[in-house]
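K.L.:
Chains as they are written, first to last, in numbering that gives the first Met the number 0: chain A, 0 to 457; chain B, 0 to 231.
Among the clues, some could well be false.
Unchecked claim - Between beta-carbon pairs, the in silico distance windows are:
1) A:Ser161 - B:Glu62: 36 to 44 Å
2) B:Gly181 - A:Leu14: 39 to 47 Å
3) B:Leu160 - A:Gly363: 42 to 50 Å
To be verified - Below, a list of computed lysine-lysine pairs in the DSSO-like style, where the Cα atoms sit at most 27 Å apart:
4) B:Lys7 - B:Lys17
5) B:Lys97 - A:Lys7
6) B:Lys179 - B:Lys151
7) B:Lys225 - B:Lys196
8) B:Lys151 - B:Lys75
9) A:Lys263 - B:Lys151
10) B:Lys122 - A:Lys8
11) A:Lys263 - B:Lys97
12) A:Lys160 - A:Lys438
13) B:Lys97 - A:Lys438
14) A:Lys7 - A:Lys438
15) B:Lys51 - A:Lys160
16) A:Lys263 - B:Lys75
17) B:Lys112 - A:Lys8
18) B:Lys196 - B:Lys168
19) B:Lys2 - B:Lys151
20) B:Lys2 - B:Lys179
21) A:Lys160 - A:Lys263
22) A:Lys8 - B:Lys97
23) B:Lys122 - B:Lys97
24) B:Lys122 - B:Lys179
25) B:Lys112 - B:Lys168
26) A:Lys263 - B:Lys51
27) B:Lys97 - B:Lys179
28) B:Lys122 - A:Lys7
29) B:Lys112 - A:Lys7
30) B:Lys179 - B:Lys75
31) B:Lys17 - B:Lys51
32) A:Lys101 - A:Lys293
33) A:Lys438 - B:Lys122
34) B:Lys179 - B:Lys168
35) B:Lys226 - B:Lys17
36) B:Lys196 - B:Lys151
Claimed, not checked - Stretch by stretch, here's where chain B covers chain A in the computed footprint (C-beta under 8 Å, at least three residues):
37) 233-247
38) 254-262
Don't read these hints as lab results, they were simulated from the structure.
Ideal placement from N, C-alpha and C gives every residue a C-beta, glycine not left out.
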Amino acid sequence: MIQDQKSKKGAVTGLLFIAIVLLLVVLLENLSAILPAGSVPAVLMPTSQLFTVLKKGAVYSLVAVSMNLLNGFTGLFSLGQAGFMLLGAYTYAILTVPVSAKDTVYYLYGGSAVNFSLPDLFGGVDTPAGLILGVLLAILLGGCVAALFAYLIGLPVLRLKSDYLAIATLGFAEIIRAIFQWQPLGPVTNGANMITQIPTFNNFNITDANGTVILRLSTFFPFLIAIICIVVIVMLINSSYGRAFKAIREDEIAAEAMGINLAKHKMLSFCISSFFAGVGGALFAMFVNNAQAKVYTSTMTYEILLIVVIGGIGSISGSCLATFLYVACAEWWLRFLDSATTFASPTAPNRIAFMVIFAVVVIGGSALLIHRERRGSNQVWKQTLVGLVAILLLGWLAWFAATGELTLPLLRTGFRMVAFSIIIMVVVLFFRQGMLGDKEFSDILFARRRNAGKEATK
Amino acid sequence: MLKIDELKVRYGGIEAVKGITFEVPERQIVTLIGANGAGKSTTLRTIAGLVKPAHGRIHLQGEDITGLSPDRIVSKGITMVPEGRHVFPDLTVLENLKIGAYLRHDDLEDDIKWVYDLFPRLKERSWQAAGTLSGGEQQMLAVGRALMSRPKIMMMDEPSLGLAPIVVKGIFDIIREINKQGVTILLVEQNANMALKTADRGYVLETGRITLTGSGQELLTNEDVKKAYLGT
Chain A
0 MIQDQKSKKG AVTGLLFIAI VLLLVVLLEN LSAILPAGSV PAVLMPTSQL
50 FTVLKKGAVY SLVAVSMNLL NGFTGLFSLG QAGFMLLGAY TYAILTVPVS
100 AKDTVYYLYG GSAVNFSLPD LFGGVDTPAG LILGVLLAIL LGGCVAALFA
150 YLIGLPVLRL KSDYLAIATL GFAEIIRAIF QWQPLGPVTN GANMITQIPT
200 FNNFNITDAN GTVILRLSTF FPFLIAIICI VVIVMLINSS YGRAFKAIRE
250 DEIAAEAMGI NLAKHKMLSF CISSFFAGVG GALFAMFVNN AQAKVYTSTM
300 TYEILLIVVI GGIGSISGSC LATFLYVACA EWWLRFLDSA TTFASPTAPN
350 RIAFMVIFAV VVIGGSALLI HRERRGSNQV WKQTLVGLVA ILLLGWLAWF
400 AATGELTLPL LRTGFRMVAF SIIIMVVVLF FRQGMLGDKE FSDILFARRR
450 NAGKEATK
Chain B
0 MLKIDELKVR YGGIEAVKGI TFEVPERQIV TLIGANGAGK STTLRTIAGL
50 VKPAHGRIHL QGEDITGLSP DRIVSKGITM VPEGRHVFPD LTVLENLKIG
100 AYLRHDDLED DIKWVYDLFP RLKERSWQAA GTLSGGEQQM LAVGRALMSR
150 PKIMMMDEPS LGLAPIVVKG IFDIIREINK QGVTILLVEQ NANMALKTAD
200 RGYVLETGRI TLTGSGQELL TNEDVKKAYL GT
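Pulled out of the complex, with its shape left as it was, chain A reads as follows (with noise of 0.2 Å):
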């Protein structure tokens, strides 16, 4: 009884911070409007990076969510996460191309095999009903198709374990990649060029007669998308399949005793991850404006990977945070890494981004291994020696913010990716739990409450 009334509190608690997110993402998106023009900051301009991080970051947050129901919560290592999300956007994107605009996006097929719309079925793409049911239903079928593959897929892998699992995951996400740029496939797929023409987040934005935004809902629709689609997967893992789920990723020997049916949970617990994977996917496409199979490779299985180890495996929240933190890092905050820059002005915005990371990553990075050491044995030199090579790396940035000229040595395009392997590397050998390990954001927030809980139950 006391379990019902706290969870049906959490419930609450949690549609109204949904309630809030939702919000929010509205009223950021349109103050470029209601702030007097002129007065706007650039970050706030509908062609920000930052609504590119918001955008591309909802739709990162579902595929996460959903590689992490399979990999945290069922204990079944996949790496096909790509393959589902391109099923799931070429689904979208040949199902929406407009009647109208099939020969020009099919030209060298001669027209498209597909001789319908679904938004076209509705009243086409510029009525209300058109967009939104057939863009709806396009992306719920795009994840059905992902569904579907992964049963079958399914079918003769899922009798694989762990390591063994990856590898025929990721076989398989090639070869779909591979299939779908297959000439004689053309007029459906359009061969290895991309779709294009598709209804995006962007047409999600109410105009008027004359063409002009009145009220922007680009990042608002991804935002309500995938937060309807982790709530459904939040709801299922805290139902009886969520338990059993869990249940096989601590012991199959006992789930098994205990009369859960692996074969049937495995395959659930697959299906349902590869078509949210497929939800994502389609929404993918509606980010990036097209569907072209060479952009899901292994590399962006790899990309939701790194966010799920990062954000704490096993945890919900901790992998929605790690998405929102990696993709502002990829597509914004980090890009200075990309291009050999010389921090000319003292007061070049890159330049004060650079020195503040510099000083937090040494800083926290040195006193969390003198920490470590203290909690081993008492090997003074190596403290020493931590303490001193941070002294030194700060004198650096000290010196650099005194002279203010210098072009760091190491920065050019793709040093990017070499940070972030670094920093996967620190995060697996220190931080093995991520973020979060397998704690929820509610569960540190109430912790207080919580234990105030289990008082009373004693």
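Knowing the structure of chain A, use the given hints to seat chain B on it.
P.N.:
Relative to the frame of chain A, chain B by itself:
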């Protein structure tokens, strides 16, 4: 209640159980004792459906359950406490118990209360991760979890494994208590002394065959059993 006829189980070319026949009457405690590799655990795993028999039939209350899948067998009312406890380490005690009742869809409130009354220690540790419990507490949890499916027969594989004598005594007291409340028990043990003292009926297994049968008391005083298993 549970009848095993001419059961044979093979692992590849090796025949682990070579045709055994025995019976577990309702509301009794029956024990299988024997050395390592005698086929005790294999017998239990076969009854639970985790291993498919090569030959022979298993009947529960007259119904043939040979070769059914493990989840079907649990829903028929046979549940197993696996050897080495196998609790779900990162789940809380309460979650562990709820998984025990996975195949049931009715209200669990009474059963959780029943298990907590049997094992007050578990109630204290309701929110604790099962992996942080002591060995004895984990064994209690494994038993409690099995009881949550409201079994007709509970099969236990070496409940005394790796536990201190005083804890073992506690576990066997609980087994008797559970039996008094109406659950039939099939017990596999290395600790022949404790098992035979508790059991109404005992079977001695040697390399896949039943070599001796009798009531618990008879076997305790049997010279061969004394020599081979009781060390007196």
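K.L.:
Next, verify each hint and record whether it holds.
P.N.:
Now for the hints, and whether the structure bears them out:
no.	hint	result
1	A:Ser161 - B:Glu62: 36 to 44 Å	holds, 38 Å
2	B:Gly181 - A:Leu14: 39 to 47 Å	holds, 45 Å
3	B:Leu160 - A:Gly363: 42 to 50 Å	holds, 46 Å
4	B:Lys7 - B:Lys17	holds, 5 Å
5	B:Lys97 - A:Lys7	holds, 19 Å
6	B:Lys179 - B:Lys151	holds, 13 Å
7	B:Lys225 - B:Lys196	holds, 13 Å
8	B:Lys151 - B:Lys75	holds, 8 Å
9	A:Lys263 - B:Lys151	holds, 25 Å
10	B:Lys122 - A:Lys8	holds, 24 Å
11	A:Lys263 - B:Lys97	holds, 19 Å
12	A:Lys160 - A:Lys438	holds, 25 Å
13	B:Lys97 - A:Lys438	holds, 20 Å
14	A:Lys7 - A:Lys438	holds, 19 Å
15	B:Lys51 - A:Lys160	holds, 21 Å
16	A:Lys263 - B:Lys75	holds, 19 Å
17	B:Lys112 - A:Lys8	holds, 24 Å
18	B:Lys196 - B:Lys168	holds, 11 Å
19	B:Lys2 - B:Lys151	holds, 14 Å
20	B:Lys2 - B:Lys179	holds, 21 Å
21	A:Lys160 - A:Lys263	holds, 15 Å
22	A:Lys8 - B:Lys97	holds, 21 Å
23	B:Lys122 - B:Lys97	holds, 14 Å
24	B:Lys122 - B:Lys179	holds, 22 Å
25	B:Lys112 - B:Lys168	holds, 23 Å
26	A:Lys263 - B:Lys51	holds, 19 Å
27	B:Lys97 - B:Lys179	holds, 24 Å
28	B:Lys122 - A:Lys7	holds, 23 Å
29	B:Lys112 - A:Lys7	holds, 22 Å
30	B:Lys179 - B:Lys75	holds, 21 Å
31	B:Lys17 - B:Lys51	holds, 14 Å
32	A:Lys101 - A:Lys293	holds, 21 Å
33	A:Lys438 - B:Lys122	holds, 23 Å
34	B:Lys179 - B:Lys168	holds, 17 Å
35	B:Lys226 - B:Lys17	holds, 24 Å
36	B:Lys196 - B:Lys151	holds, 22 Å
37	233-247	holds (count 5)
38	254-262	holds (count 7)
Figure legend: structure checked against the earlier numbered hints; every hint is met.
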